[in-house]
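Colleague: The numbering used here numbers the first residue of the sequence shown as 189 and each following residue consecutively.
Hint data in this document are derived by calculation from the structure and do not stem from the laboratory. Don't take each hint at face value.
Distance condition first, Cα-Cα at most 35 Å in a straight line; then the derived DSBU-like pairs of lysine-lysine [unchecked claim]: (1) Lys206 - Lys246; (2) Lys213 - Lys259; (3) Lys246 - Lys259; (4) Lys268 - Lys220; (5) Lys268 - Lys234; (6) Lys225 - Lys268; (7) Lys206 - Lys220; (8) Lys259 - Lys220; (9) Lys255 - Lys268; (10) Lys213 - Lys234; (11) Lys225 - Lys213; (12) Lys246 - Lys234; (13) Lys220 - Lys246; (14) Lys225 - Lys246.
Per label pair, the in silico range of CB-to-CB distance [unchecked claim]: (15) Ile223 - Ile264: 32 to 42 Å; (16) Leu229 - Lys268: 50 to 60 Å; (17) Ile273 - Ala199: 26 to 36 Å; (18) Glu263 - Gly202: 42 to 52 Å; (19) Ala252 - Ile272: 50 to 60 Å; (20) Ala209 - Glu241: 23 to 33 Å; (21) Leu244 - Ile264: 41 to 51 Å; (22) Lys259 - Arg219: 22 to 32 Å; (23) Thr269 - Leu233: 50 to 60 Å; (24) Asn238 - Arg200: 22 to 32 Å; (25) Glu258 - Glu211: 31 to 41 Å; (26) Thr266 - Lys206: 42 to 52 Å; (27) Glu241 - Glu211: 18 to 28 Å.
Quick caveat, the model's predicted, so the values are computed rather than measured. All C-beta atoms in this analysis are idealised placements derived from N, C-alpha and C, irrespective of residue type, glycine included.
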Amino acid sequence: MSGVKGACGGARAGAGRKSIAEEFKTSDLARKAIIEKYGSLEAGLKTLLNTGEQALIKFVFEHALGKPNEKIVHEIETVKTFTIIAASSKRD
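Can you make the complete structure from the sequences, with help from the hints?
Modeller: Structural data, given as structure tokens:
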């Protein structure tokens, strides 16, 4: 597809992750809307829990408390060292 404008890689305007400031702005707007509708974040969350919508409840908990990361913990009890003695392959 040579010669096609935009067919090459590289940075594009608007591409990539949102800035942290924009993420905080979105979070702040959501909190304000919940407080305006229900009077407090606690009342809004209680109302949400009473809906029984499992996917919505999971979504909110993951965003409020943080989504758990898969983490593999490697445990090593002790590291034993040893010396390798090279034996001659010649027989006398």
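Colleague: State for each hint whether it applies.
Modeller: A quick look at each hint next to the structure:
1. Lys206 - Lys246: 23 Å, holds
2. Lys213 - Lys259: 30 Å, holds
3. Lys246 - Lys259: 20 Å, holds
4. Lys268 - Lys220: 58 Å, violated
5. Lys268 - Lys234: 55 Å, violated
6. Lys225 - Lys268: 63 Å, violated
7. Lys206 - Lys220: 20 Å, holds
8. Lys259 - Lys220: 34 Å, holds
9. Lys255 - Lys268: With a Cα-Cα distance of about 38 Å, the restraint between Lys255 and Lys268 is violated, given a limit of 35 Å.
10. Lys213 - Lys234: Holds, because 24 Å separates the two Cα atoms, which is no more than 35 Å.
11. Lys225 - Lys213: Status holds; Cα separation ~18 Å.
12. Lys246 - Lys234: 14 Å, holds
13. Lys220 - Lys246: 21 Å, holds
14. Lys225 - Lys246: Status holds; Cα separation ~21 Å.
15. Ile223 - Ile264: 32 to 42 Å: 49 Å, violated
16. Leu229 - Lys268: 50 to 60 Å: 54 Å, holds
17. Ile273 - Ala199: 26 to 36 Å: 58 Å, violated
18. Glu263 - Gly202: 42 to 52 Å: 45 Å, holds
19. Ala252 - Ile272: 50 to 60 Å: 56 Å, holds
20. Ala209 - Glu241: 23 to 33 Å: 31 Å, holds
21. Leu244 - Ile264: 41 to 51 Å: 42 Å, holds
22. Lys259 - Arg219: 22 to 32 Å: Roughly 29 Å apart at Cβ, these two residues keep to the hinted range, so it holds.
23. Thr269 - Leu233: 50 to 60 Å: With a Cβ separation near 55 Å, Thr269 and Leu233 satisfy 50 to 60 Å, so the hint holds.
24. Asn238 - Arg200: 22 to 32 Å: Given a distance of about 44 Å, which is not inside 22 to 32 Å, the answer is violated.
25. Glu258 - Glu211: 31 to 41 Å: Between Glu258 and Glu211, where Cβ atoms are some 22 Å apart, the hint is violated.
26. Thr266 - Lys206: 42 to 52 Å: For Thr266 and Lys206 the Cβ distance comes to about 47 Å; the hint holds.
27. Glu241 - Glu211: 18 to 28 Å: Given range 18 to 28 Å: holds, Cβ gap about 24 Å.
In summary, the numbered hints that this structure violates are 4, 5, 6, 9, 15, 17, 24 and 25.
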